[in-house]
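What follows is the residue order along each chain.
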Amino acid sequence: MNDLPVFAVPPADDVTAGWWDATREHRYTLQTCGGCGHVQHPPRVVCIHCGSDDDLWFAPASGSGEVDAWTVVHRPPRPGVAVPYTIARIRLAEGPIVLTRLDGDDWRIGEPVRVGWVDLDDGRALPVFHRDG
Amino acid sequence: MTGAAIVGAAESDLGVTDKSILTLQTQAVTRALADAGLTLADVDGLATTAVARFSTTQLAEYLGLEPRWVDSTFVGGSAAESMVARAAQAIGAGQASVVVISFASNQRSARSRNLTGMLEEHLPEAQFETPYGPLFPLSHYAMAANRYLHRYGGTREQLAEIAVAAREWALLNPAAFRHDAGPLTVDDVLGATMVSSPLTVADCCLVTDGGGAVVVTSSDRARDLRRTPVEVLGYGERSTNTSMTAVDDLTRIGARGSGAEAFARAGITPADVDVLEVYDSFTITAALNVEALGFCGEGEVLDFIQGGRIRPGGALPLDTSGGGLSYCHPGQLGVLLLVEAVRQLRGEAGARQVPGARTAVAHGTGGILSAHATVVLGVDR
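The listed protein sequences derive, respectively, from chains S and Z.
In terms of the working numbering, the first sequence opens at residue 127 and continues consecutively.
In terms of the working numbering, the second sequence opens at residue -1 and continues consecutively.
Check the hints yourself; a few may be wrong.
Label-pair ranges, simulated between beta-carbon atoms [claimed, not checked]:
# : chain 1 : residue 1 : chain 2 : residue 2 : range
1 : S       : Asp247    : Z       : Asp247    : 45 to 53 Å
2 : S       : Val141    : Z       : Arg250    : 26 to 34 Å
3 : S       : Gly144    : Z       : Gly180    : 54 to 62 Å
4 : S       : Ala185    : Z       : Thr71     : 34 to 42 Å
5 : Z       : Pro310    : S       : Val172    : 46 to 54 Å
6 : Z       : Ala269    : S       : Asp180    : 48 to 56 Å
For the record, the hints were derived by calculation from the structure and aren't laboratory data.
We put the CB at the ideal spot given by N, CA and C, even for glycine.
With the hints as constraints, model all of the structure from the sequences given.
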């Protein structure tokens, strides 16, 4: 995954700074509502389950999930990007769905995956999921 | 019944035009008005997108109009169907009497299309999705196809029928980009260059210039105009997602809700529909739309569309112009779905005419299965 990110990761903003800060230590977190317990991603300034805008925090997450859907990209999204590579939706154990790269092209829906990291030049890290076990 | 009717419809030049967006827009608007027997002077409502940041303002000035009602709600490929709903509401409320809904693009001539879409750095997707390099919108539809085939046990061969049938219709439509290309086979689709698995280039829509317009007015006024009025019987809309990860189930799309509301408002069911024009940005788009609109049961669409059902002469004529796959795809096909539905209902579709068509559905899909709008149309004859 040396070719990641394909497009530069924009700076964190007021809402996402805490999430990206955790990635500097390779800690996978998910925004969690202290009021109702809802877990959501990407982070927002409001809980979309109960509407609360206080007590949203970045709780430690398992970093595990399973493949929800995947596709092998055969045409580069911009010149100079090596293809093919696999893009997938991962259903995290905590509920939210996130996008990732996957190694190789022989995946099955439902396969378990675990988070790994690609370090970015600015000290942050991009989570990338791998086959678990 | 909504009290509104489509009284004019037209295409701009299509294909590779080497014309500007405003030229194509003007063609679409003036041709649709001429079809209705009206002129620019009759227009007091204007709805369009993708002209500029101030789309309706720009087009109105260019056409010398000062409309009292405008709508430039940008929801991609379902915008025109949404605008029919807004136009019907505006006409009912007395906010406008003659509304033109238009769209045009020169994306092929201008080479303005890319595989990543528009990168908007301030959005969550820029931090959490774009860095991985998905093709946009293609990889989202590819994952929806991957999920659907897995969940219901369908095959790429079955899905290819959408593209094969679209080509059959295009062979009957002289305006279609692939009119002279000859038939397409399932093997052609599967053997074409893979873009984002399981979708090949033949599962993907064309990239062409083109546009169109429809003219909407009250059903009362429509009776005094030259064309058979095409009544707006019902409409419904849904907005569901802009990212690739918000929707929990990729196989259940917003067309379920938009379709159910449109059919309920019209007081009909899918069984009453003679012609179905659904968005087909990709083969999977059309398949998911047919199922979500209720023409078959959940998980059944890939079996449902086999055996010629959606081809010329079939029981459910689908995308009778040849659709985005074989007729024209200018970036937002929605208005051209309406134009084709109107022509079918007026009996003007030539070699591809569905005999006796009285009820049609036009269904637009925007973005990455993001926005959904359904319009039910009908004629008395």
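These are the hints, each one checked on the structure:
In this structure, Asp247 of chain S and Asp247 of chain Z break the distance hint of 45 to 53 Å, their C-beta atoms being roughly 37 Å apart. Checked against the hint of 26 to 34 Å, the pair Val141 of chain S and Arg250 of chain Z passes, with Cβ atoms roughly 29 Å apart. In this structure, Gly144 of chain S and Gly180 of chain Z meet the distance hint of 54 to 62 Å, their C-beta atoms being roughly 58 Å apart. Between Ala185 of chain S and Thr71 of chain Z the CB atoms are about 38 Å apart, so this pair conforms to the stated range of 34 to 42 Å.
For Pro310 of chain Z and Val172 of chain S, the hinted distance range of 46 to 54 Å is satisfied, since their beta carbons lie about 51 Å from each other. Remark: the range hint 48 to 56 Å for Ala269 of chain Z to Asp180 of chain S is upheld by a beta-carbon distance near 51 Å.
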